[in-house]
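K.L.:
Chain by chain, the residues:
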Amino acid sequence: SQTIHQWPATLVQPVGSPLSLECTVEGTSNPNLYWYRQAAGRGLQLLFYSVGIGQISSEVPQNLSASRPQDRQFILSSKKLLLSDSGFYLCAWSSGTGVSYEQYFGPGTRLTVT
Amino acid sequence: AQTVTQSQPEMSVQEAETVTLSCTYDTSESDYYLFWYKQPPSRQMILVIRQEAYKQQNATENRFSVNFQKAAKSFSLKISDSQLGDAAMYFCAYRSEFRRTYKYIFGTGTRLKVLA
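For the record, the sequence lines run as chains X and V. According to our numbering, the first sequence holds residues 68 to 181 in order. According to our numbering, the second sequence holds residues 57 to 172 in order.
If you're looking for bench data, these hints aren't it; they were derived computationally from the structure. This structure is a prediction, so every number in the text was calculated from the model and none was measured. Yeah, the Cβ is synthetic: ideal placement off N, Cα and C, and Gly gets one too. Among these hints, one or two may not hold up.
[Stated by the list, open to error] Heads up, incomplete: computed chain V residues facing chain X, CB under 7 Å, no partners named: (1) Y89; (2) F91; (3) R99; (4) Q100; (5) M101; (6) L103; (7) R106; (8) Y158; (9) F162; (10) T164; (11) G165.
All chains should be built: construct the whole structure from the sequences, respecting the hints.
P.N.:
Encoded structure:
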């Protein structure tokens, strides 16, 4: 069965510090991968998605970036965090082969920028 | 561009009663998928139910069912025999099949409270 991992679960970082959040998927090949941010009590904002290694689409221009160095690995980064980057970050995957059409989510990372 | 609207920020239901959460969407496409996700206090997103636009039959998963009205672009979720564990944020989502963009668009969510 497929599993999606995210780490860390919780992170407190000062303004101006770098960020690296990692997401990995097990049990599937060539998944579509996604990064979302969710503000407290709000909906999901799509940040990045990827349909293959090295293929990244950005939805929101900001100081975040994403990379996909391996088929089942998706990394969210920032060189200098802003206070507005605080939130709950969710990684998700969907089938890249059309086997199914729903998205599956990781447990999330709660980021607090101080 | 497609949009998904959940007009009920919060709903309450008595335990064992039935509640319906509303969702409307806007699209010019004919081929797409619709989903309801549940996000409990743990914040783990859980798939509740999905509907293929080409299917006329409404999807059902145990106590959860949808009323899919394609012409009206409406996709409501009915929860029967509500339980305390159903208390959560519920998100409606749309997936386009246009040009294989594989993007999902989410509504702003409805917070469901279940009263004992």
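K.L.:
Give a verdict on every hint.
P.N.:
Status of each hint after checking the structure:
1. Y89: Because about 5 Å separates V:Y89 from the closest Cβ in chain X, which is inside the 7 Å limit, the hint holds.
2. F91: Cβ of V:F91 sits 6 Å from chain X, so the hint holds.
3. R99: 5 Å, holds
4. Q100: V:Q100 check passes; min Cβ-Cβ to chain X is 6 Å, inside 7 Å.
5. M101: 4 Å, holds
6. L103: Since chain X brings a Cβ to about 5 Å from V:L103, closer than 7 Å, the hint holds.
7. R106: V:R106 check passes; min Cβ-Cβ to chain X is 5 Å, inside 7 Å.
8. Y158: Holds, because the Cβ-Cβ distance from V:Y158 to chain X comes to roughly 5 Å (cut-off 7 Å).
9. F162: 5 Å, holds
10. T164: With a minimum Cβ separation of about 4 Å from chain X (threshold 7 Å), the hint on V:T164 holds.
11. G165: This interface hint holds because 5 Å falls under the 7 Å limit.
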